[in-house]
Amino acid sequence: MPEYKFDYVLRLADNALILGQRLTQWLGKGPALEEDMALANVALDLIGQARMWFSYAGELENAGRDEDQLAFLRDAHGFRNLLLVEQPNGNYADTIVRQFFFDTYHCLLLQALTRSNDQRIAEISEKAVKEVAYHARRSTDLVVRLGDGTPLSREKTQTAVDGLWMYTGEMFEPDEIDQVMAAQGIIADTAHLRSAWLTQVSEVLHEATLTMPSPDAWMQKGGKQGRHGENLGYILAEMQFLQRAYPGARW
Amino acid sequence: MEQRADPTTAEVWAWLSAIEDPEIPAISIVDLGIVRDVAWGETNAGTECVVTVTPTYSGCPATSAIARSIVEALQGHGITRIKLETRMAPPWTTDWMSAAGKEKLKAQGIAPPASQRIPVSAIRRSAWLSPRSECPRCKSPNTELISQFGSTPCKALYRCQECREPFDYFKSH
Numbered sequence: 001m002p003e004y005k006f007d008y009v010l011r012l013a014d015n016a017l018i019l020g021q022r023l024t025q026w027l028g029k030g031p032a033l034e035e036d037m038a039l040a041n042v043a044l045d046l047i048g049q050a051r052m053w054f055s056y057a058g059e060l061e062n063a064g065r066d067e068d069q070l071a072f073l074r075d076a077h078g079f080r081n082l083l084l085v086e087q088p089n090g091n092y093a094d095t096i097v098r099q100f101f102f103d104t105y106h107c108l109l110l111q112a113l114t115r116s117n118d119q120r121i122a123e124i125s126e127k128a129v130k131e132v133a134y135h136a137r138r139s140t141d142l143v144v145r146l147g148d149g150t151p152l153s154r155e156k157t158q159t160a161v162d163g164l165w166m167y168t169g170e171m172f173e174p175d176e177i178d179q180v181m182a183a184q185g186i187i188a189d190t191a192h193l194r195s196a197w198l199t200q201v202s203e204v205l206h207e208a209t210l211t212m213p214s215p216d217a218w219m220q221k222g223g224k225q226g227r228h229g230e231n232l233g234y235i236l237a238e239m240q241f242l243q244r245a246y247p248g249a250r251w
Numbered sequence: 252m253e254q255r256a257d258p259t260t261a262e263v264w265a266w267l268s269a270i271e272d273p274e275i276p277a278i279s280i281v282d283l284g285i286v287r288d289v290a291w292g293e294t295n296a297g298t299e300c301v302v303t304v305t306p307t308y309s310g311c312p313a314t315s316a317i318a319r320s321i322v323e324a325l326q327g328h329g330i331t332r333i334k335l336e337t338r339m340a341p342p343w344t345t346d347w348m349s350a351a352g353k354e355k356l357k358a359q360g361i362a363p364p365a366s367q368r369i370p371v372s373a374i375r376r377s378a379w380l381s382p383r384s385e386c387p388r389c390k391s392p393n394t395e396l397i398s399q400f401g402s403t404p405c406k407a408l409y410r411c412q413e414c415r416e417p418f419d420y421f422k423s424h
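Those sequence lines, one after another, are chains V and C.
In case it helps, the numbering used here puts the first sequence at residues 1 to 251.
In case it helps, the numbering used here puts the second sequence at residues 252 to 424.
It is possible that part of the hints are untrue.
[To be verified] For each label pair, taking beta carbons as the anchor points, the in silico distance ranges come out as:
id	chain 1	residue 1	chain 2	residue 2	range
1	V	Y234	C	E293	27 to 33 Å
2	C	E416	V	E230	46 to 52 Å
3	C	W291	V	G28	23 to 29 Å
[Claimed, not checked] A partial selection of chain V residues facing chain C, derived with a Cβ cut-off under 10 Å:
id	residue
4	N41
5	V42
6	A237
Keep in mind that the hints were calculated from the coordinates and are not lab data.
Quantities reported herein were computed from a predicted structural model and do not represent experimental measurements.
Where a beta carbon is used, it is the ideal one built from N, C-alpha and C, also for glycine.
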């Protein structure tokens, strides 16, 4: 079912695009020069990856939409990103914990996708996973530094962990699209991803002297199916303004 | 009209070796391992020069500038029909960087990548021991990582503990 694969690739694209866009909102405002540059570099990698996924999604859809049209001309309900990546930047602990949760998932997911029987998905994942491994190292190190830091940084990081936790369940909750893709060997089964993610996250939070919330806590969901919070609308309003106001504008 | 003979692929490689990387002008796109293949292909309109490139980072802003500079350089040498092909797999790795390229980086104060691919499966923190990079200025091995990301996505920021100077390290990729 090609439309399922289109939807699945769109999820990968939208996660990378929306988180990349979120990170660019830090530019010039990072807490230190090195952090500012690191956020810009991570955003750049993610937006580059989004372009590769969008190009492939456009080919799968075969309806004449290219990467730009998919990024700039869909409304919020057409986006398939996880709710986690659209969450506001908040304070630096919020940004870093969001990044840590996503990077850990992203790294594990892409490793699995390098074994996809879809050649394009495998190739893009092969390239992207090398970049994401660096993202994961950085956000992991920072979670430990912030958590095992001053009492204030520890408190803020724990608050970020507790606040963002309910957006992590969606990553591992397969819907019909995930199930069909897994059955066809296009993606890996998400059950083992969840246990690998929980193991990694619990080890890092422990090292950071933070408390991990219960994996069985109530979780938000809906991003993958296009049901988003209000935050996404503001991101799109900023990101899509130019193409909406001047349709077809080019550099 | 007599057709001028096509230049050899060796000549084309030499011309490409003169193209600087837009972000690290010390090193050429051939040194970086971006150019994977040069060949002559046949089309209905005559022969065309096919240059195959593998981009470095997904979001590298230099990618389109590199493509443009390849076309301009070859046109400057009289080649009219040029086809650029992008090869995605295998993905670019710093293992493709030439030994000469690594020396040029050092001369610019950038520590070259260690010859090892990034272990992407090492999600556990203890498995990430960053390679200790030698200071490109004073050659001291006593250096420390400041940030995984430096002035460009391909570089990390280090500091030398001996001469106290910060320096860029071109990450293994």
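Earlier hints that do not hold, by number
1, 3 and 6
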